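Peer 1: Sequence:
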Amino acid sequence: MATCLRLGVPRNSQRHGFSTTNFGTSRSSIGIASLGFRYKSTSTSGEPRKSWSDTLLLPKTSFPMKHKDIVKEENRWRDRTSTEFYKWQWENNSGPIFVLHDGPPYANGHLHMGHALNKVVKDFINRYKALRGYRVNYIPGWDCHGLPIEHKSLKALGKSHLQLTPKAIREAARKTAEEAIEIQKKEFRALGVMADWDSPEGTYRTMDQDFEIRQLRLLQQMVEQGLLQHRKRPTYYSPSSRTALAEAEISWKDDHKSTSVYVYFGVGKDDMSSALRKQWEKVGNGRELGLAIWTTTAWTLAANQAVAISSGMEYAIVEQPGSDRLLVVGCDRLEPLKELLGELKVLTTFGGDDLLGTSYDHLFWNSSQPKPKVIASRHVTSGAGTGLVHTAPGHGQEDYDAFRQALGSDADTAEMRCPVDDLGNLTEEIASWTKGGDVASRLVGKSVLGDAVSAMVEILKENGILLKQDVIHHRYPCDWKTKEPIIIRSSPQWFANVEAIRPTALRAIEGIDFKPPQSKRRLESFINGRSEWCISRQRSWGVPIPVLHDAQTGEPFLNSETLDHIIPILEEKGTDHWWSDSVDEFVPESLKSTGRQFRKGFDTMDVWFDSGSSWTILRDKGFKADSEPLADIYLEGSDQHRGWFQSSLLTRLCSAEKGQAHTPYSKVVTHGFVLAQDGSKMSKSSGNGIMPMDVIEGGKDKKKEPAFGTDTLRLWAASVEFTKDSHIGPTSLAMAAENGRKLRNVIKFLLGNSQRGQQPAPRLTHVDLGLLDRHILNELADMETDVIRDYEELYFPGALQRINTFVSGALSSLYFEETKDILYCDEATSSRRQAVAAVLGHILYRMTRILAPITPHLSEEVSHQLTEKPEGPSTIWTDDARKWHLPDVATKMEPLLKIRQYTMLLLEQARNDKALKTGKQAMLRITGGDAATQSLMQEHQQELAQIFSVAEVQVGKHSNQDEVKGTSAWTYSNEVQLALDSTAPIHLELVPSPKHKCPRCWISIAEESESLCTRCEAVVN
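Residue numbers (UniProt numbering): 1 to 1021.
Please keep in mind that the hints were generated in silico from the structure rather than gathered at the bench.
You may find that some hints are simply not true.
With a Cα cut of at most 27 Å, we get these calculated DSS-like pairs of lysine-lysine [what the hints assert, rightly or not]:
1) 72 - 253
2) 483 - 253
3) 253 - 681
What you are looking at is a predicted structure, and each value in this text was computed from that prediction instead of being measured.
Given these sequences and hints, build the entire structure.
Peer 2: Okay, here's the thing in structure tokens:
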């Protein structure tokens, strides 16, 4: 029968291989049988067939498809692929130095998946650079100081910080950090991270003495440049941590609940500004007048020192129903206030400037002090409240700025109220401000984040000045570590003047490369959003700020002279010495001669200053000129724009000469967060947390949580677009494992067929390559070029997808499939087989290098399969991909591959109709086409049957059904249009081969039934 196949979208007719989609999205796979691993005959015809099986050159390799214990197997190659390779590349590579500087993770607990993604992506970059001949410098570090470690060590001892000396706290915290570092170091090594893990110089710790001394000398540079200031001002303060916080150490709770109050501040006739008095006299009729203020922090009323208004706003004196008192409110707030205070009748309106100079009275102001006044401030808006802002400069940054501006030259000597202690409780100071009674006693000792608010509300009610009480839900700052609410509290702190270096910082950012590009705006916004950086902390576990204070006046002494004296002592004896020894040792002679008595300050430096100064390691190594960026790449999570990226840039600029935009890095790379498979945040409480070591070694229940090994985890990391948030779970891990299995299958085929015994594969230069051989080499070169580009651009999912596409398509579906006959059935020394073996050996060599950045254990295992004892790391990747770019071959193969595509459709139809089992039983007749196509097929006539996967190809003869009448049971035909404008279509006709199936190679090319074909006869004999 004759069948005409309708044209349509070609279906996948491959017998083996991957789909061309990302790994894990297809059920197709390379099976051992489909790759031709016929280790025993499947014949039913008796002994003769078995003897032919024995004559085949079947694949031989000890490379397993799967290891029984993947953890044990990868451990075999761990040191060689990490520590040994790191040392080897540094000593032997001759290319430029490449520096990826490690942002130190916090030395606390086991690694989570964010750590794993971070370190593995860094390792992709480092390995790729090392394989390309660069000398890679990568020094992993740990951030060791700070309150969480201090708290953890105290918890382990069952003590509070009040029960131990600072030295004892520091000893306990150091031990806690050291234990965590050893745990994390072991886990980083299990991730396959390349570094010098064994030597002290190979890693850094911010608690190491040499690190701390570099940090202190950096502090001295800032002091000498006048960038450090000591003053009392409001800062974020965490009662739960008992320390000041920088902006980078706070997080925000969007639905915090607070009690808000509207309060009456009375204004006497004699305390009014002349302009306000005129307005009041017109409408007041002798009634009392007061300022209506609003606050969400009722406890700060004890620290009120002014009321701020906007000069550009209109204000009104209003009458409140049921009250003999009049109120001053902003006109723009009248409608919202009516809902809270009732119908307000406007008696007169006036500009904000008319209020300036007015004094007022409140509960926390007695006759011994000048009354507080109304001041102007730009931060007052009509968006909330009453238009008059309660101002407590000791508890608010905007209040502080407005108050100082209003006082002008008197600002530095003005008292700044801050009646809150380190525990967050109101202090006895309140008693000196009140008019008497029990107001102070009812407030002192109460928590400002707790019962102080309710106590204040009751006092306001009893004194008749509470206009309204309300509960609001709003955004509120919290301690980044403890997650507890924080306050703003004035205390003596050390500040770095960011405003002085901001223009230089913004200019420096212009010269930095950012990935993704939009992250540049984030860093700019954080730099623009801060004028100073509070670098002091009130904790024991940290690098001391070695300041001397006058014992009587409290005056601080921190200058070049004192630091020149103190730092060498700490360099010799260690920073613990600052807490344990007498102050006299640290006082330079010039201060001793003054006769003053001194005490030491015990503030420590912000941990962001610690990690932010880690670039000094690179500076001291001298890899780059001081004016150049010290590192090629800084790579961390997106939260580090406000943290390490920023602190590193600021400390670097603080140490440079004024105006010099010296940066610590030339490229900033940001990765997203790792989420659960469903996109939710991973957490232990939700039961969706996945730990890296559980992925590698398996969980408690190995059936539910199998051991995937390191390379599988790394394949997952390579598959995700790390600059965005990524997902991980059982599904994505199974996909990564399947991808690894497919790669191993391909490598097994390459190993099993490219070598015979101990004989390596022939060299490409020593063999006669056919068209299909040159085609796969060209495809390999194209793939390798694309992968190199993606590696350079840090686009690892693109590289992995390109590798998988090549493996599943050109390599397995075409080249493997169509060369198996040559590999298994040709004579071992035949020129065709030698050529294919050489090509497979070359592909194996290149694939080993291409995969090495992602799967180093697999690549090393393959290297040891090729050579029993490789000399030095055998995965150095030299760039000779372009040698096998063969555009002329691509031009020739394009029409042939299109013909193959339509031939596969014909074969599929024939198989579906049960006309044949394999293309090796069919003959393909090709007629038509233009002269160029005819010439091409005549030129490569001997290879067409292999390319088109049939037994025989006839070219140029017209189809003649009479020729096969009586011997041909079926015909399938089609036409191929090689180009849209082609006027000479090609006619394909698939018919049964007129010859017989060879019992050895199973191709229908034998002249007689049950006889060997000519090729097989020659090989056997």
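Peer 1: Now tell me if each hint is right for this structure.
Peer 2: Against the structure, the hints:
Distance restraint check for residue 72 and residue 253: the Cα-Cα separation of roughly 46 Å exceeds the 27 Å cut-off, and the hinted pair is therefore not satisfied. Taken as a hint, the residue 483 and residue 253 pair is honoured in the structure, with Cα atoms around 9 Å apart against an allowance of 27 Å. For a cut-off of 27 Å, the pair hint linking residue 253 to residue 681 stands: about 16 Å separates their Cα positions.
Of the hints listed earlier, the one the structure fails to meet is number 1.
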